[in-house]
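Colleague: Could you build the full structure based on these sequences and the hints that come with them?
With this note's numbering, the residue at position 223 of the sequence shown is 223, and numbering never jumps.
Computed spacing ranges between beta-carbons, pair by pair:
1. Asp-84 <-> Gly-217: 35 to 45 angstroms
2. Ser-178 <-> Pro-237: 23 to 33 angstroms
3. Arg-114 <-> Gly-32: 24 to 34 angstroms
To be clear, the hints were calculated from the coordinates, so they are not data collected in a lab. Nothing here was measured: the structure is a model prediction, and the numbers come from that model. No residue lacks a Cβ here, since even glycine has one placed at the ideal position from N, Cα and C.
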Amino acid sequence: MTDPLRDLASLRAATERLLTTAHTLENAAVTGPSRLPGWTRGHVLTHLSRNADALVNVLEGRPMYASPEAREADIESGACRPLDVQLADVRDSAARLHAVASLPSDWERTVALRNGVTDRAARIPFRRLVEVELHHVDLGAGHELEDLPEEFLVREAAFLADRFAGRADVPPTLITVSGGHGTLRTGREGDGDSTDAVSVAGPPASLVGWLAGRRTGDPALTATGADGAPGALPVLPAL
Numbered sequence: 001m002t003d004p005l006r007d008l009a010s011l012r013a014a015t016e017r018l019l020t021t022a023h024t025l026e027n028a029a030v031t032g033p034s035r036l037p038g039w040t041r042g043h044v045l046t047h048l049s050r051n052a053d054a055l056v057n058v059l060e061g062r063p064m065y066a067s068p069e070a071r072e073a074d075i076e077s078g079a080c081r082p083l084d085v086q087l088a089d090v091r092d093s094a095a096r097l098h099a100v101a102s103l104p105s106d107w108e109r110t111v112a113l114r115n116g117v118t119d120r121a122a123r124i125p126f127r128r129l130v131e132v133e134l135h136h137v138d139l140g141a142g143h144e145l146e147d148l149p150e151e152f153l154v155r156e157a158a159f160l161a162d163r164f165a166g167r168a169d170v171p172p173t174l175i176t177v178s179g180g181h182g183t184l185r186t187g188r189e190g191d192g193d194s195t196d197a198v199s200v201a202g203p204p205a206s207l208v209g210w211l212a213g214r215r216t217g218d219p220a221l222t223a224t225g226a227d228g229a230p231g232a233l234p235v236l237p238a239l
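Modeller: Here you go:
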């Protein structure tokens, strides 16, 4: 069950962890490559800042971004700023989001994100938590998926599996989350004896890496086909 106020507390802690990591970087590291193709660390940090402001817009009933082009332009124009400017922007924009999200609110209302996506307002703090936790890893500054809180990883695996549910380009897939965290179903609906049905099992961090497109071929994951024979992990489309 989503608890937005608890997620806000987790978000504050996650933001502080990211800032602590980023403070260890040299100023020149801002223009160095992140783990996201085509993005520097400065792109990642600027994106986090503008995403926080965009979620303020969402909670206050405005369009998330003025346009896709404006979103990209804002990230590009801010990417080369000095590290201290970047970190102040991350902190200040996070504070603005926290202030708005902490106001008394109807958490059950529907809010509009981008690309036609809608969600309950109550899920916005968790969506922001996903941005902060995953992009902390994307900075390529020594923070790994295995360093993220297990509770977050289990929830994120379920969140991502839900995003692929019903997709015609993803085979029927049963995901077993090790550590006693249950099973998830994703992909298109099977017909009961589909030859392309697959089962995937592994620890939460490895599953999130695969589902979020951060890792391929993680040896901690196992995949088996409908016949029980070892198989390959399904290749997932971009989110």
